[in-house]
Every structure is written in C-alpha cells, then in structure tokens.
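**Student:** Here are the chains, one letter per residue:
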Amino acid sequence: MAITIDKEQAQFLVRLADTEMILGQRLCEMCSNGPFLEEDIALSNIALDLIGRAEQLYILISEIEGKGLSADDYAYRRNEREYFSIKLVEQPNTDFAWVIARQYLHDVYVKEIFTQLLSSKIDKVAGLSEKVLKEITYSHVHARDWMFRLGIGTPESNRRLQAAVDHLFKYAGELFAFDSIDKKFLSDITKLEQGWKSAVALTLAEANVKQPEIHKIYMRDYREGFHSEYLGHILSEMQFLPRAYPDAKW
Amino acid sequence: MESGDKVWEVFIQKKSGLPFKHAGSVHGYDKKMAVQNARDAYCRRGEGRELWVVPANCIVSVPMDEAEAYFDPQEDKIYRHPTFYVIPDGVENL
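Residue numbers (the numbering used here), protein chains in the order written: chain A, 1 to 250; chain B, 1 to 94.
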C-alpha cells in the first residue's frame with residue numbers, strides 16, 4: 001500500500017518532517033562513533049531532538065490527512081520515492097567534518113523556516129515552531145562553534161572541513177527551488193534564501209573556508225520525491241524491523 | 001580559543017537562589033565546548049537552570065596528608081551544630 005499525502009498543508013509539513021527524520025537517523029549512526037565521549041552524547045542528544053521533532057510533525061500531518069495513520073506509519077511505511085527529505089541530510093557521515101558541516105547547513109536552513117512558521121496559519125504549527133526553535137538554536141550554536149574549531153584548527157581539520165563543504169554545497173541549490181506549496185506556507189522565501197546565504201557566508205569566511213558556488217543541480221528535486229543514492233540505504237535499515245515484524249511492540 | 005584537552009568540573013544550580021552543586025566533570029578544549037558538553041552530559045532531564053564549568057586545575061583542594069589536621073578537630077564540638085534551635089515551619093532549603 002502506497003501512502004500518499006494529499007492535502008497541501010500536509011505536503012508542506014512532510015518536507016520538514018522527513019528532513020528532520022532522516023537527519024535524526026543519520027546522526028543516530030554517530031552514537032558510539034563520536035570523536036570522544038562528550039561529543040558522542042551531544043550528537044545523540046541532537047539526533048533524538050530531530051526524531052522527536054519529526055514525530056510531532058507526523059502527528060500534525062496525520063491529523064490534517066485524517067486517514068487514521070500513525071506517526072510510525074508515515075516514518076516506517078513509505079518508500080524512497082514517497083519521502084520528501086532534502087538531499088543534504090541524506091549525505092553520509094564520511095568524517096566528523098561532514099557531520100558538522102551538514103548539521104550546520106541544515107540548522108541555518110530550518111532555523112529560518114521555523115522562524116517564519118512562528119506566524120503560520122496551519123493549526124498548531126506556530127506553537128510547535130516556538131518549542132523547536134529552542135532546540136535548533138542550541139544545535140546551531142554547537143555546530144557553528146565546531147565549524148570555527150575545525151576551520152581554523154589545524155591544516156588537516158581545515159582541509160577536511162573544506163572537502164565536506166565542497167561536497168555538501170552540491171545539494172544547496174534545491175533548498176531554494178521553491179514551488180507553489182512552499183510559497184503558500186512560507187511568509188517570505190526571498191528572506192529565507194538571503195538569510196541562509198548571508199549567515200553561511202559569514203561563518204565560512206570566519207572559519208577560513210572557501211565558499212563554493214551554488215550550481216544548478218542535475219538531479220530532480222526532492223519535492224518530487226527524488227533523492228541521492230543514500231536515502232534508500234537509510235530507509236532499508238531504519239524501516240527493516242517495523243516492516244519485517246508489523247505487529248512488534250516496544 | 002585555548003587549545004589542549006582539558007578537564008572541567010561541572011556545577012549545577014537547580015533553581016535560582018539555591019547553591020550550585022558539583023555534578024561531575026567533562027572534557028573540553030575551550031570554554032564554550034566545556035559548557036556545551038556539561039549541558040549535554042548533566043542537564044538533559046531538568047536537573048537545573050544554570051550551569052558553571054571550572055577548569056579542574058583551578059580548584060584548590062586540601063592536601064590528602066593534611067586531611068586529619070583539617071577535619072578531625074571538629075568531631076567532638078557538638079555545639080557547632082545548630083541542633084539546639086527549633087526550625088520554624090515554612091523555612092525551606094535549610
């Protein structure tokens with residue numbers, strides 16, 4: 001059974017929900033793999049915040065859609081092409097610089113989005129935004145501080161951060177390829193794009209990292225359900241248990 | 001930013017007005033990392049509203065071999081304890 005999302009409000013929210021879910025899953029892979037104990041706890045903590053945020057959004061989506069599906073159904077029973085996460089968050093944990101750069105670029109993006117959603121007319125979204133902005137503010141500060149440490153730390157840490165940023169910027173273009181649904185529910189798409197670009201440019205400059213150009217991406221857009229090679233692998237691991245044992249309870 | 005992998009002692013205040021209590025220690029290369037690590041390790045379940053981190057090497061402690069001279073003489077001075085007073089009802093946090 002394919003799960004479709006039919007109402008425009010839900011189609012908008014599922015982009016955020018899936019983005020947070022997939023980044024949460026990616027970050028959970030860092031549990032026990034952090035560079036040292038305290039950072040390991042910090043990353044896992046942020047991962048749980050992301051998954052909790054996704055769950056809240058799936059609950060809202062479920063209420064809007066009114067099909068009697070649970071948050072778990074939306075997370076665990078949709079296929080790759082039915083997912084609407086940004087490609088940026090699917091990218092792997094190649095090294096710690098990738099983890100940090102991905103988190104930073106994501107955090108600036110969702111910080112801009114949830115700030116605009118503080119005045120959203122979708123039921124309950126304004127309240128949820130107020131709550132999650134506190135989490136995002138913390139995660140954003142944590143990631144940005146690490147951008148500086150890596151960028152101006154040693155030649156090796158700078159080289160690794162530059163490589164991560166160069167790769168991840170390939171997926172920055174689609175963030176701003178807004179469609180009619182984005183335009184309907186975001187209050188100011190120009191402000192979102194300019195806010196992200198100016199904040200990121202400032203951080204990269206201070207971190208001594210060259211800013212890559214944002215090129216047009218020769219892949220179809222995440223808003224149509226198209227992804228990089230990594231999402232299918234993430235889902236196969238994430239969804240294995242609930243799909244193999246549909247009645248499992250824990 | 002300072003460099004070097006340092007140990008920091010963590011103190012948490014449960015709510016405004018209460019004393020800070022020692023919670024444990026964390027690693028951190030700089031002040032910001034230390035306070036963030038302390039938050040993630042010790043303050044995720046409503047343990048407090050304020051947090052201090054102090055470089056462990058800034059804390060001065062009583063030398064181990066002088067502990068007897070510092071602490072033993074107080075053991076037989078019962079009058080130093082405020083047990084001869086009645087604490088009025090309604091006094092909290094004493």
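Hints were generated in silico from the structure; no laboratory data involved. Yeah, the Cβ is synthetic: ideal placement off N, Cα and C, and Gly gets one too. Some hints could be false.
Unchecked claim - So the derived label-pair ranges between C-beta atoms look like this:
| # | chain 1 | residue 1 | chain 2 | residue 2 | range |
| --- | --- | --- | --- | --- | --- |
| 1 | B | K14 | A | S119 | 55 to 65 Å |
| 2 | B | G90 | A | D95 | 50 to 60 Å |
| 3 | A | E224 | B | P19 | 36 to 46 Å |
| 4 | B | E92 | A | T190 | 48 to 58 Å |
| 5 | A | K134 | B | P19 | 18 to 28 Å |
| 6 | A | K184 | B | G24 | 13 to 23 Å |
| 7 | B | E47 | A | C31 | 14 to 24 Å |
| 8 | A | Y230 | B | F20 | 38 to 48 Å |
**Student:** Hint by hint, note whether the structure agrees.
**Tutor:** Going down the list of hints, with the structure as the test:
1. For the pair B:K14 and A:S119, the beta carbons lie near 35 Å from each other, so the given range of 55 to 65 Å is not met.
2. Checked against the given bound of 50 to 60 Å, the beta carbons of B:G90 and A:D95, roughly 58 Å apart, stay inside it.
3. About 58 Å separates the C-beta atoms of A:E224 and B:P19, a value inconsistent with the hinted range of 36 to 46 Å.
4. Taken as a hint, the range 48 to 58 Å holds for the pair B:E92 and A:T190, whose Cβ atoms sit roughly 54 Å apart.
5. Distance hint for A:K134 and B:P19: a CB-CB separation of about 26 Å, consistent with the stated range 18 to 28 Å.
6. Judged by the Cβ atoms, the range 13 to 23 Å given for A:K184 and B:G24 is violated: they are separated by roughly 49 Å.
7. The hint said 14 to 24 Å for the Cβ distance between B:E47 and A:C31, and at roughly 21 Å that hint holds.
8. For A:Y230 and B:F20, the hinted distance range of 38 to 48 Å is satisfied, since their beta carbons lie about 45 Å from each other.
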